[in-house]
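Enquirer: Modelling step: build the complete structure from the supplied sequences, incorporating the hints.
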Amino acid sequence: MRFLLEHPAPRGLDDLVAGAEAARAAGLDGVLVREWKELPGALVSAAAVAARVDEVLVAAEIAVGARHPVEIAEEAAVTDLGCGGRLVLVARPALEAPERYVESLDVIRHALAARPFRFEGAHWRVPANLPQNVDQPEELVRVTPAPAQPRLEVWGSGPGMAAALERALGHLADQDDDPAALARAWVAAEASPASIGAPRARREPWGGADALVRRLRDGRSAFGQDWACVVGPPEAAPEIGSLVRPRVQLHALTPGLEEFWDAERPWERGGRR
Amino acid sequence: MATIDRIGISLWTMQSTAARPGLWRSLYRRFGEDAQLAEELGFHAVWLGEHRVWYDGWCPAPVQALAHVAGKTSRIHLGTAMYLVPQHDPAAAARSIATLDHLSGGRVELGAGLGYRDAEFDALGLRRDRRGRLMDANLDVMEAVWRGELGDPPPVRRPAPRIWMGGMSEPAIVRAATRGYGLLLPQTLRVAEYARVAEDYRARASAPGVVGTLREVWVTDDPAEGARHVERIALHMTEEAGSWWSMKGRFGFAARDQVDRQVARGVGEVATGTAEQVAAALREVLDAGVDYLALRPMFEFVEQAALHEQLRRIAEQVVPLLAGAGRP
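The listed protein sequences correspond, in order, to chains V and D. Heads up, the first sequence is in the working numbering, so the first residue is 42 and it goes up one at a time. Heads up, the second sequence is in the working numbering, so the first residue is 34 and it goes up one at a time.
Hints listed in this document are in silico derivations from the structure and should not be mistaken for laboratory results. Positions of the beta carbon are idealized from the N, C-alpha and C atoms, including for glycine. Hints should not be assumed to be uniformly reliable.
Computed list of lysine to aspartate or glutamate pairs in EDC-like fashion (alpha-carbon distance at most 20 Å, straight line) [stated by the list, open to error]:
#1 K105/D - D67/D
#2 K105/D - D176/V
#3 K78/V - E176/D
#4 K281/D - E309/V
#5 K281/D - E179/V
Taking CB as the label site, the calculated pair distances span [as the list claims (entries may be wrong)]:
#6 E207/V - A339/D: 50 to 58 Å
#7 P172/V - P204/D: 22 to 30 Å
#8 Y149/D - R52/V: 52 to 60 Å
#9 P200/V - R261/D: 55 to 63 Å
#10 R159/V - R294/D: 35 to 43 Å
Expert: In structure tokens form, the structure reads like this:
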């Protein structure tokens, strides 16, 4: 199981940095930033927080479908280069244009590859070859630069699940999604070997370590959950790191280990941290 | 060190060219390091360009690149020269810029340009011949976002990030004057042209903003080194113009003599020489009515150590010689 920490209500860069520092210190994989009202540019937030905090992954959840997917791919590639390959692009269907989500996702993936491409769909035509743009009637377009990662990590999110799984992408489920429906979708996806290893993530509320452990064990057994995006303050990170993460890594722990942890609380004994 | 409030440094582009290949992730990291030194030396801003769909990977997303720099610095301003406003979704652009404004504590300087390559517009499904209309329509939306008319919170910098209109054409001057923007002029103008454009702009504007310009500089006591630098700029510009400029349906390389003339004219304006010589050239520009200089020692062919030496020499040797120049 891998962990992202999502700040519930960041007021600015200091809050985002505090979350990322806390995540790193607690051994969590990274943070997730989204299009908050106060900070609507998720890739901008991702680039800035990654510049301040090394090593952590930075997932940016952005609306896809409303604006041109080539523009999104360019912004993602530049963000990934700025942070040295630590970006996860989490593509959520735009509320105002859900019908364009699937095509947009494909254009983004074409654009992130290092080869010229052409895309002709119902919604997007790239390059457009508009008759008024007469100077350079190009058959193909190569979006540059390529991201730092060999293949930029792109996930679906929320209602984009079917499209994401069809493409063997990772997917971030919402915290209230029906676990049985998630299980049906992810188990069905296993019919394709392309799905092996694709991240199965769910957004998780922070209501204390015990409740989170229960949810993650349920998620793992129901649909193979292997990523948790915990919506919680920086102060939650140490508990996730010591009380949650160790309990959900393996299929089963040695009998007596959890009782030992509960009795000795070794994370309170000082030492490296 | 005190802020040098009218001198910025340009122009980062993130190009990895045939002449000077670079690993893109290194170029972005170096941009952050360069900006840290520029901040330490007291410069007002670093300026980054935008182009897209070209082999050298010219940065297509300057706001995200500047967000990296925002995280690496705390005071220096973050400029675009130019952000190609017609090529972006305006509401999303306004929100990304607002986020950069918020995360950087109000340090955004938005130079706004039209863009000119057909291929860039066509990749995004836009008509190049509508770029003027798109500029106005997109700026209207962006300003509305920053005024809160679409429900967004107000920017840190009030009433909005400072906008500089790029270009020297009459529509650009009129747009800047009527919208209350500053002007950010190209580096190739001659002194007399600066005077004319600045006067024209100030006559049209009820509340004129800052008149700035890009200006290529290279400080050296060795005339041969200065000449080599100018030659390198000429090669750089020839590649760009040959590939991108459209002349009656032909690319620049098909009209090489025209390109060569334009490039020769442009590099004639590079300020190179000793600190005294560079300062004398810049004083003329300031005295012609320019308020702000985005000095350009930065090209992709300039090694980082050499760039840093230039930044130091500009700050320590050239800037003191500019005292008293220009409008009071």
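Enquirer: Hint by hint, say whether it matches the structure.
Expert: Against the structure, the hints:
For the hint linking K105/D to D67/D, the alpha-carbon distance of about 10 Å falls within 20 Å, and the restraint holds. Between the alpha carbons of K105/D and D176/V the distance comes to roughly 40 Å, so the proposed pair goes past 20 Å and is violated. The suggested pairing of K78/V with E176/D holds, with an alpha-carbon distance near 17 Å, which does not exceed 20 Å. Only pairs whose Cα atoms come within 20 Å are accepted, and K281/D paired with E309/V is rejected, the gap being roughly 75 Å.
A C-alpha spacing of about 18 Å is found between K281/D and E179/V, which places the hinted pair at or below 20 Å, so the restraint holds. The given range of 50 to 58 Å is respected by E207/V and A339/D, whose C-beta atoms sit roughly 51 Å from each other. Look at P172/V against P204/D: about 24 Å separates their beta carbons, and that is inside 22 to 30 Å. Taking the beta carbon of each, Y149/D and R52/V are about 40 Å apart, not inside 52 to 60 Å as hinted.
For P200/V paired with R261/D, a C-beta distance near 59 Å keeps the hint of 55 to 63 Å intact. Between R159/V and R294/D the beta carbons are some 37 Å apart, a value that agrees with the proposed interval 35 to 43 Å.
In this structure, the earlier hints numbered 2, 4 and 8 are contradicted, and the remaining ones agree with it.
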